Amino acid sequence: MKKIRILIVDDEKIALRNLEHIMKKEGYGVVTTQSGSQAIKMIERSGEDEFDVVLTDLKMPGVDGMEVLAQSRRLYPETEVIMVTGYATMDSAIEAVKAGAYHYVSKPFELDEVRRVVKKALEKRALQLENRRLKEKLAGINGVNIITEDTDMRKILSLAKQIAQSDISILITGESGTGKELMARFIHENSPRAKSPFMGINCGVFTEELLANELFGHEKGSFTGADQKKKGLIESAAGGTLFLDEITEMSPGMQVKLLRTLQEREIMPIGSTEPVKIDTRFVAATNRDVIKMVSEGRFRQDLYFRINVMNIYLPPLAKRRQDIPLLTHYFINKYNSRSNKTVKSVSPEAMRQLMVYDYPGNVRELENIIERAIVLARSETIEVENLPEMAVHTFRSNKGSMPSLDEQERTYIEWILDQTDGNKTKAAEILGIDRVSLWRKLKKYTIS
Numbered sequence: 011m012k013k014i015r016i017l018i019v020d021d022e023k024i025a026l027r028n029l030e031h032i033m034k035k036e037g038y039g040v041v042t043t044q045s046g047s048q049a050i051k052m053i054e055r056s057g058e059d060e061f062d063v064v065l066t067d068l069k070m071p072g073v074d075g076m077e078v079l080a081q082s083r084r085l086y087p088e089t090e091v092i093m094v095t096g097y098a099t100m101d102s103a104i105e106a107v108k109a110g111a112y113h114y115v116s117k118p119f120e121l122d123e124v125r126r127v128v129k130k131a132l133e134k135r136a137l138q139l140e141n142r143r144l145k146e147k148l149a150g151i152n153g154v155n156i157i158t159e160d161t162d163m164r165k166i167l168s169l170a171k172q173i174a175q176s177d178i179s180i181l182i183t184g185e186s187g188t189g190k191e192l193m194a195r196f197i198h199e200n201s202p203r204a205k206s207p208f209m210g211i212n213c214g215v216f217t218e219e220l221l222a223n224e225l226f227g228h229e230k231g232s233f234t235g236a237d238q239k240k241k242g243l244i245e246s247a248a249g250g251t252l253f254l255d256e257i258t259e260m261s262p263g264m265q266v267k268l269l270r271t272l273q274e275r276e277i278m279p280i281g282s283t284e285p286v287k288i289d290t291r292f293v294a295a296t297n298r299d300v301i302k303m304v305s306e307g308r309f310r311q312d313l314y315f316r317i318n319v320m321n322i323y324l325p326p327l328a329k330r331r332q333d334i335p336l337l338t339h340y341f342i343n344k345y346n347s348r349s350n351k352t353v354k355s356v357s358p359e360a361m362r363q364l365m366v367y368d369y370p371g372n373v374r375e376l377e378n379i380i381e382r383a384i385v386l387a388r389s390e391t392i393e394v395e396n397l398p399e400m401a402v403h404t405f406r407s408n409k410g411s412m413p414s415l416d417e418q419e420r421t422y423i424e425w426i427l428d429q430t431d432g433n434k435t436k437a438a439e440i441l442g443i444d445r446v447s448l449w450r451k452l453k454k455y456t457i458s
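Using my numbering, you'd call the opening residue of the sequence shown number 11 and step up by one each time.
Errors might be hidden in some of the hints.
Derived DSSO-like pairs: lysine-lysine, alpha-carbon spacing no greater than 27 Å straight-line [what the hints assert, rightly or not]:
#	residue 1	residue 2
1	Lys23	Lys13
2	Lys329	Lys351
3	Lys130	Lys434
4	Lys129	Lys436
5	Lys171	Lys205
6	Lys287	Lys13
7	Lys287	Lys12
Simulated from the structure, these hints should not be mistaken for laboratory data. This structure is a prediction, so every number in the text was calculated from the model and none was measured.
Turn these sequences into a full structure, and let the hints steer you where they fit.
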C-alpha cells in the first residue's frame, strides 16, 4: 500500500518542525520546505507519487499559500490543501477555502486539531479517488452488464456465459430484488440468440386464462372480443428467449400446458386446431423455495425437472457487500440526469451506513435508496441525512440508544476485517487510513 505523503510549507522554522513532528508521529511520509516557490516545484515533480495533503502557511515571503493552493489544484485537483494561518489573516483563510482549500488551522495550533483536520482531508481524498476509480470502471459499461466485484458473483457470471451458448432451460433463483430478470437478459445477450427477441412476463399477475392467452396467443373469433389473430409471447420470441418470471405462481392447469410445450416444442393457440412449432429458449425465475413446493405438491415435479436443467442462484446483496460502492455510483450516474442533479459522491459516514445495512429488498432497494437520496441531496455529496431512517439504524442497540463513536468505529473495523479475511492492508485501504493508523486502532480496541 502506498504510504500517505504530506507536504508541509512554512517559512517559520519552529512551526514547520512542529507540524513535521505531528505528521511523522501519525505514520505519514513527510516532506518539508520553507519556500512557496520550492513547494510548487516539488508538487510539479511529484508525478505519479503525488502528495495526498499539502499543509501550507498562508502568508509567506515571495510565493504565498494562495499561489501554492492554485498550482496544487491545477496540477492535482484531488490533493487536499490545508491552510495554516494566524488570527490576523482569518479572512484570507476563509477566502482560501472558497478557492478550493479543504480547511484551515490557526496558529498557535493544537495538536489534536491538526490531526483531526488532516485525517478528514485524507478521508475526503480517499473518497474522491474511489469515486474516480468507480466512474472509470462504470464508463465501460454498456448493454446488459451485471455490475460486480464480488468473487462469487464473478463465478456465477462465468457460468452464465458458458451455459448461454447452449439452448438448455435455466431456472434462476434468489430473493426479490437480486436481479433475476437482468441475469436472464445477460444470458440472452451472451447467447447465439442475442440478435433475436428477448421477451418476458410475470406469471404471477395473470389468471390462468389470461396467462394462456399471453403465452400461446389466439385465433380470430376464438372468444368474445377476439377481433383478430394474436401471436403469443412464445411464438413472438421465435429464435430468441422467453423469460418466465415467478413461474411458481402458475396454476396447476397452466403448469400442465407449459410442460407439454417444453416436451413437444410446439404450442396450440387458443381456438386453433393446428399446432405451431416453436424455436424459443426458456429461462424461468422464482423467489420461492421451489423444492419445498414440489415436495408439498404445489409445483409439478416433472415441470421442475424440465425448467431446471441448469440452476443459477443469485445471492442477496448482504452477501456481496463489496459491490455496494460500485452499485451506488452506478445508480448515482443513472439518476443524476433524471433528477437534473449533479451528485458526485457519498460522504464517508453515509457510505459506512450503506455498507452495513442488510437490504431486505436487495439491489432494487439500494437503487431506491440512492434515487431518493439524490432528490434530497442539497450538495454534490449524499449525506447520512439523505438516507431513509431504516438504513441508518444499524448501530442502534435493542434499547434504542446510540452507542458511542468508539463503539461504532470498533464495530465497523471488525466488519471490514471480516470482509477482507483479516487482510490489514486491504482493510486500511477501504478505511482510508494507513497501516500504522490501523494498527493503533486495533491496539486501542483490542482487536486481534
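* 27 Å Cα cutoff - pair Lys129, Lys436 -> Holds: Lys129 and Lys436 sit about 18 Å apart, inside 27 Å.
* Is Lys130 within 27 Å of Lys434, Cα to Cα? -> OK: Lys130 and Lys434 at ~21 Å, within 27 Å.
* Straight-line Cα separation of Lys329 and Lys351 no greater than 27 Å? -> 31 Å, violated
* For the pair supplied as a hint, Lys171 and Lys205, is the alpha-carbon distance within the 27 Å limit? -> OK: Lys171 and Lys205 at ~16 Å, within 27 Å.
* To do: Assess, step by step, whether the Cα of Lys23 is no farther than 27 Å from the Cα of Lys13, and give holds or violated.
  => 25 Å, holds
* To do: Take the C-alpha atoms of Lys287 and Lys12, compute the straight-line distance between them, and say whether it is at most 27 Å.
  => Given pair Lys287, Lys12 is violated - Cα atoms ~63 Å apart, limit 27 Å.
* To do: For the pair we were handed, Lys287 and Lys13, check the Cα-Cα distance against 27 Å.
  => It is violated: about 66 Å lies between the C-alpha atoms, which goes past 27 Å.
Comparing the model with each numbered hint stated earlier shows that hints 2, 6, 7 do not hold.
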